[in-house]
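Below, each chain spelled out in residue letters.
Protein chains: 2
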Amino acid sequence: MTHPEPSPATRKFQKELNAGTVSFVLLGVLSHATEPLYGYQIAKQLETGSEDVTMMKQGALYPVLRSLEKNGLLASRVEPSLSGPPRRYYEITETGREAFAQWTTIWHHNTRFVDAVLKGSYHV
Amino acid sequence: MTHPEPSPATRKFQKELNAGTVSFVLLGVLSHATEPLYGYQIAKQLETGSEDVTMMKQGALYPVLRSLEKNGLLASRVEPSLSGPPRRYYEITETGREAFAQWTTIWHHNTRFVDAVLKGSYHV
Chain H
1 MTHPEPSPAT
11 RKFQKELNAG
21 TVSFVLLGVL
31 SHATEPLYGY
41 QIAKQLETGS
51 EDVTMMKQGA
61 LYPVLRSLEK
71 NGLLASRVEP
81 SLSGPPRRYY
91 EITETGREAF
101 AQWTTIWHHN
111 TRFVDAVLKG
121 SYHV
Chain S
1 MTHPEPSPAT
11 RKFQKELNAG
21 TVSFVLLGVL
31 SHATEPLYGY
41 QIAKQLETGS
51 EDVTMMKQGA
61 LYPVLRSLEK
71 NGLLASRVEP
81 SLSGPPRRYY
91 EITETGREAF
101 AQWTTIWHHN
111 TRFVDAVLKG
121 SYHV
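The listed protein sequences correspond, in order, to chains H and S.
Taking the numbering used here, the leading residue of the first sequence gets 1, the next gets one more, and so forth.
Taking the numbering used here, the leading residue of the second sequence gets 1, the next gets one more, and so forth.
To be clear, the hints were calculated from the coordinates, so they are not data collected in a lab.
No incorrect hints appear here.
Since the list gives no way to pick one copy over another, a pair counts as held whenever it fits inside one copy or between any two copies.
Taking lysine to any residue pairs in the SDA-like style, the calculated list, with each CA pair at most 25 Å apart, reads:
#	residue 1	residue 2
1	Lys57	Pro6
2	Lys119	Gln58
3	Lys119	Thr104
4	Lys57	Thr10
5	Lys70	Glu94
6	Lys12	Val114
7	Lys57	Tyr40
8	Lys12	His109
9	Lys57	Glu16
10	Lys119	Val64
11	Lys57	Lys119
12	Lys12	Gln58
13	Lys44	Leu118
14	Lys119	Gly59
15	Lys119	His32
16	Lys44	Lys119
17	Lys57	Arg112
18	Lys119	Gly39
19	Lys119	Ser67
20	Lys44	Val64
Model the full assembly from the supplied sequences, consistent with the hints where possible.
What follows is the structure in structure tokens.
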């Protein structure tokens, strides 16, 4: 029928993994953007990047965007919109670019570490 | 001189990334082990897998091992040791094997997602 419900331990793992991932990809999208983007545009970029559009629901992005701005990695401004409520546009700051460079190094290091351990442990 | 101190945001990112990673690699090491392992042996496996032995300090493993056992993914028993205090040996449970299979899928999915977004976002 359907997939079995993930166990609490699996949900915890997914949640932990997501926590770091969401900040990283948001920073990545904005570090490559050529102009400030608002939430829906950012969410669209994430969909483009993945077949699994449900992975990162748009509503889940806003707290992370706010947190990144609070830490000085993003800056935002609100602009009126003709088609609805005002939109908050985000762009990356210089601090954000430095953080993204560091995080990219950390990300690749972490991925290599996991690959190496999982490969190495076959010989235990 | 030395590397600059990582910013609070970078420390938070590293911490979030580590949270999921540690559980995953511990489960991976024990899923491939042919016999129960105690903490020091597990830490050794992690060193083998990586040039960076400081990434996962031995002391940081114990709370995660306990948490995995509490969730039924690992089982442990204490055995006396000739050379020191008794040792707690860990092995993976059937539930743990199922979780590791799921986590491996989640891990690869997450890695592909990040790669795709970062690649895609170059064209923003």
